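K.L.:
The lines below spell out each chain.
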Amino acid sequence: MSQTILIEEVFQSLEHVMDPEIPVLSVVDLGMITGVDIEGEGVRIRMIPTFAACPAVSYIQQNIRKTVEQELGIAVTVEIDKEAHWHSNRMTDAAKEKLKNFGIAPPQVIEGEMRAEIMLETPCPHCGSEQTYLRSPFGSTLCRAIHYCRSCGQVFEQFKPLE
Amino acid sequence: MNNAALTDLIIKMADDELIQGHRNSEWTGLGPVMEEDIAFSSMAQDKIGHAWALYRILHENLGGQDPDRFAFIRKEKAFKCSHLVEMPNGSYDFSLMRHFLFDHAETVRYESLRESSFEPFQQLSRKFKGELKYHTLHANAFIMQLSQANEESYARMQSALNDTIALAAGIFEPSAEYEEELMAAGVYPGEAALYHRWLDRIYPVLVKASLNLPEMSTVTPVFGGRKGFHTAYLEPLLKEMGEVFNLDTEANW
Chain E
1 MSQTILIEEV
11 FQSLEHVMDP
21 EIPVLSVVDL
31 GMITGVDIEG
41 EGVRIRMIPT
51 FAACPAVSYI
61 QQNIRKTVEQ
71 ELGIAVTVEI
81 DKEAHWHSNR
91 MTDAAKEKLK
101 NFGIAPPQVI
111 EGEMRAEIML
121 ETPCPHCGSE
131 QTYLRSPFGS
141 TLCRAIHYCR
151 SCGQVFEQFK
161 PLE
Chain B
1 MNNAALTDLI
11 IKMADDELIQ
21 GHRNSEWTGL
31 GPVMEEDIAF
41 SSMAQDKIGH
51 AWALYRILHE
61 NLGGQDPDRF
71 AFIRKEKAFK
81 CSHLVEMPNG
91 SYDFSLMRHF
101 LFDHAETVRY
111 ESLRESSFEP
121 FQQLSRKFKG
131 ELKYHTLHAN
141 AFIMQLSQAN
151 EESYARMQSA
161 LNDTIALAAG
171 IFEPSAEYEE
181 ELMAAGVYPG
191 EAALYHRWLD
201 RIYPVLVKAS
211 LNLPEMSTVT
221 PVFGGRKGFH
231 TAYLEPLLKE
241 MGEVFNLDTE
251 ANW
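As given, the protein sequences belong to chains E and B, one line each in that order.
Using full-length UniProt numbering, you'd call the opening residue of the first sequence number 1 and step up by one each time.
Using full-length UniProt numbering, you'd call the opening residue of the second sequence number 1 and step up by one each time.
Read the hints as simulated data drawn from the structure, not as lab findings.
Heads up, a few of these hints could be off.
As the list claims (entries may be wrong) - From the structure, some residues in chain B lie toward chain E, with a derived Cβ separation under 8 Å:
#1 LEU137
#2 HIS138
#3 LYS208
#4 LEU213
#5 GLU215
#6 MET216
#7 SER217
#8 LYS239
#9 GLY242
What the hints assert, rightly or not - Calculated pairs, DSS-like style, for lysine-lysine (alpha carbon to alpha carbon, straight line, at most 27 Å):
#10 LYS208/B / LYS75/B
#11 LYS77/B / LYS208/B
#12 LYS239/B / LYS96/E
#13 LYS96/E / LYS82/E
#14 LYS82/E / LYS66/E
#15 LYS82/E / LYS129/B
Remember, it's a predicted structure, so these values are computed and weren't measured experimentally.
Beta carbons: idealized from backbone N, C-alpha and C, even for Gly.
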């Protein structure tokens, strides 16, 4: 088996590892994987948590190892990548679409320095209206903020933009 | 670079994060409105995460103890947190003002570490920057809203500022032993520089909120915490914080 195919297979397998807090997004969708290397008989996967204090990191690490080991039958080590840091622009467009369909507004694209104003008028994931306001920059998990939609009268969550 | 100097600086930063994080967590279930309950709980989680990252640097790069043991088994005297973070939450206005002053101080500190000659600091700086933005965004928004709501809330915010400013200035207590060395080695710009950058950050927000920053030349910063001299509030806090861990310090979690 050539090495390039194997790396691709690892990524395919990683797409089956879902975020425990947002079960429609995989670790690949979220941009949490920073490297896959074939080493001898096994594979070394490097990953980064979204927020520094994310309580699910070791749980996700374990899920990655178990899933890839089971699906590909190879030894897997999963390391936290200390060189890279997560920012919300790492999330793929497809992931943002999935997030919206799940009822959570996706993060805006950050260009340059992140400013607080970016969070105003976040489109409502339910009705699409931009008549919304930020109710709190903190939500049910570290990565979410709470907004209110004036058009449909619903409170909704957003995956926060993070630089 | 001398490891003792770096270790001293990291312990101060980490202990501030841990104790402030613990104080924030005391609002869980008690916040004045649900969003504030969630906000202080989330910030608690961030702060304790930051403390953990710093204790890990001590452990992995500087030959220090395991982070959990270091956080929970140390004697009160070995803690180097500032008095500001030790103070009980008191009323919401005090907690909010402390959060505002503390998080802007953190922001200028971690921004300065972007250029640190100590590489693990550069990575932390990048990682914490985006998270801290949400903390200051929250603090600024509530300082503004409460200062402009009515006479009572304005008066309470002003007196909270008067009560916390000397404590907050105490964050910037320099080390008699290591300050020069850390600055010369390019680890960080030093407490005096950070203090001035902090004042430049908080001043415009206070002006917008029509709050009067006391004349800083008349304010005596509350020092001592960095040398291990603490208020009477730290000891009971440590006891409570380590209560479960100390039931069995060898347990596997």
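K.L.:
Hint LYS239/B vs chain E: min CB-CB distance below 8 Å?
P.N.:
This hint is violated: LYS239/B lies away from chain E, its Cβ roughly 24 Å from the closest one there, beyond 8 Å.
K.L.:
Hey, LYS208/B versus LYS75/B, does the alpha-carbon distance stay inside 27 Å?
P.N.:
violated, 43 Å
K.L.:
LYS96/E and LYS82/E: Cα distance at most 27 Å?
P.N.:
holds, 25 Å
K.L.:
Taking 27 Å as the top limit, are the C-alpha atoms of LYS82/E and LYS66/E close enough?
P.N.:
holds, 22 Å
K.L.:
Taking the least C-beta to C-beta distance, is SER217/B closer than 8 Å to chain E?
P.N.:
With Cβ-Cβ at 32 Å, over 8 Å, it is violated.
K.L.:
Sort out whether LYS208/B lies within 27 Å of LYS77/B, counting only the CA atoms.
P.N.:
violated, 40 Å
K.L.:
Would you check whether LYS208/B satisfies its interface hint, that is, whether its CB is within less than 8 Å of any CB in chain E?
P.N.:
This hint is violated: LYS208/B lies away from chain E, its Cβ roughly 14 Å from the closest one there, beyond 8 Å.
K.L.:
Quick check on LEU213/B please, does its C-beta sit within 8 Å of some C-beta on chain E?
P.N.:
Cβ of LEU213/B sits 22 Å from chain E, so the hint is violated.
K.L.:
Verify the proposed pairing of LYS82/E with LYS129/B, using a straight-line Cα cut of 27 Å.
P.N.:
holds, 16 Å
K.L.:
When the nearest CB of chain E is found for MET216/B, is that gap smaller than 8 Å?
P.N.:
violated, 27 Å
K.L.:
A closest beta-carbon separation below 8 Å is what the hint needs, so does HIS138/B meet it against chain E?
P.N.:
holds, 5 Å
K.L.:
Regarding the hint that GLU215/B lies at the interface with chain E, is the smallest CB-CB distance below 8 Å?
P.N.:
Since the shortest Cβ distance to chain E is 30 Å, the answer is violated.
Figure legend: structure checked against the earlier numbered hints; hints not met, in rising order: 3, 4, 5, 6, 7, 8, 9, 10, 11 and 12.
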